[in-house]
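Under full-length UniProt numbering, the residue at position 329 of the sequence shown is numbered 329, and the numbers go up by one with no gaps.
Hints listed in this document are in silico derivations from the structure and should not be mistaken for laboratory results.
Take these hints with a grain of salt, some might be off.
[Said to hold, decoys possible] Calculated lysine-lysine pairs in the DSSO-like style (CA-CA distance at most 27 Å, straight line):
no.	residue 1	residue 2
1	Lys103	Lys252
2	Lys103	Lys92
3	Lys372	Lys355
4	Lys166	Lys355
5	Lys18	Lys116
6	Lys92	Lys119
7	Lys18	Lys119
8	Lys252	Lys18
9	Lys92	Lys372
10	Lys119	Lys372
11	Lys18	Lys372
12	Lys241	Lys372
13	Lys252	Lys355
14	Lys241	Lys252
15	Lys241	Lys18
16	Lys18	Lys166
17	Lys241	Lys103
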Amino acid sequence: MVVIDSVRFYRPFWICMKILDPTFFGEPTRLLRVYVVALQFLITFCFPLHLLLNVLLHPSLADLFKNLIMTITCSACSLKHVAQIIHLPEIKEIDSLITQLDKFIESEDEHEYYRKHVKSNSVRFTRCLYISFGIIYPIFMLGFLVLVASGTGELIIPAYFPFDWKTNQYLYAVAISYQLLGVLVDGLQGLTNDTYTPLTLCILGGHIHMWAMRMSRLGFEGIESDRNQYRRFVAYIEQHKLLMRFHYLTQKTISQVQIFQLGGCGGTLCLVVSYVLFYAPDMISLIYNLVFIVVVCVQLFPSCYFASVVAEEVQSLPYAIFSSRWYACSQRHRRNLLIFTQLTLGTTGRGRVMKAGGLVELNLNAFYATLKMAYSLFAVVVRVKSR
């Protein structure tokens, strides 16, 4: 059997986190603390703020749309990053739980399911996300180089600075360098935000399904004494405890991130479509924003899809227990299995549904609702534009 190591999918996530918050790893030095404070203040807090302040300066409509797109995107990214930083200890514990659950995968059927569903979905999703980031950032850098080479003295994104960058080349260099750094750091933050939730939900759903496979086979694998069957049953109960802890920590770590994701994606989609239809000035800008639309959908859809998978797998747990050969077991085994089934029936209720911000159920309906919200906002923009 091949050794299972699901934690390896999180390596890019932890590499980005070591750049964004190195104080979480090991004993932090004074220099690292200063670096983290400066990074969080200058980029996480000030970068969305300097974009938002420009809205108050009454820019042109084209600049307003361009500004609002980046303002909403960067604000949502910063909020998601802060929420994720707060829950890093829980995320670390999830890594430990995944390592333990991987060790329980033994049968050929479970290995095949892991290979065809958990591993393939994780690789497919992360590869798609990395490719989308790998496309949009080179296009952004190309636009940046074209802007610098043109010598127009414009910023990458219309924004406010507390100094006059228009009349001083050095201050202009500082302003445009700050924006370049801000976009690149936001890219790292976005990569951690957008990979963690769907990846965790995918692995959680896979392990719940494989536990159900194990449980439903209990009593059907050859001749086994009742004592050994009961021991395996108790072992499966302990595995179920780990799964429910995994489920609880997943809900806790993604709840705030996903409510910012839903709101940010809905607003961003509306504004990007409006900007492309009415104000896109050149082909590079058009291509960039079209790719940006795809990236926004790639950010949102996997989380909603895998949350639906998790909900479906949790609902099937009582059936998996009932599918075991419980009727041929001892009275003690049947009595405890009945109690355990009742407990799992309790875990399939509303309390085990993944929710964004504790308010919105995270599933495919949330994805479609976000697209509808974006379309509704776009219809309002079109009506205002036509007047």
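Each hint, compared with the structure:
no.: 1; hint: Lys103 x Lys252; verdict: holds (24 Å)
no.: 2; hint: Lys103 x Lys92; verdict: holds (18 Å)
no.: 3; hint: Lys372 x Lys355; verdict: holds (19 Å)
no.: 4; hint: Lys166 x Lys355; verdict: violated (46 Å)
no.: 5; hint: Lys18 x Lys116; verdict: violated (31 Å)
no.: 6; hint: Lys92 x Lys119; verdict: holds (20 Å)
no.: 7; hint: Lys18 x Lys119; verdict: holds (25 Å)
no.: 8; hint: Lys252 x Lys18; verdict: holds (22 Å)
no.: 9; hint: Lys92 x Lys372; verdict: violated (36 Å)
no.: 10; hint: Lys119 x Lys372; verdict: violated (32 Å)
no.: 11; hint: Lys18 x Lys372; verdict: violated (37 Å)
no.: 12; hint: Lys241 x Lys372; verdict: violated (38 Å)
no.: 13; hint: Lys252 x Lys355; verdict: holds (9 Å)
no.: 14; hint: Lys241 x Lys252; verdict: holds (16 Å)
no.: 15; hint: Lys241 x Lys18; verdict: violated (31 Å)
no.: 16; hint: Lys18 x Lys166; verdict: violated (36 Å)
no.: 17; hint: Lys241 x Lys103; verdict: holds (15 Å)
Violated hints, in rising order: 4, 5, 9, 10, 11, 12, 15 and 16; the structure is consistent with all others.
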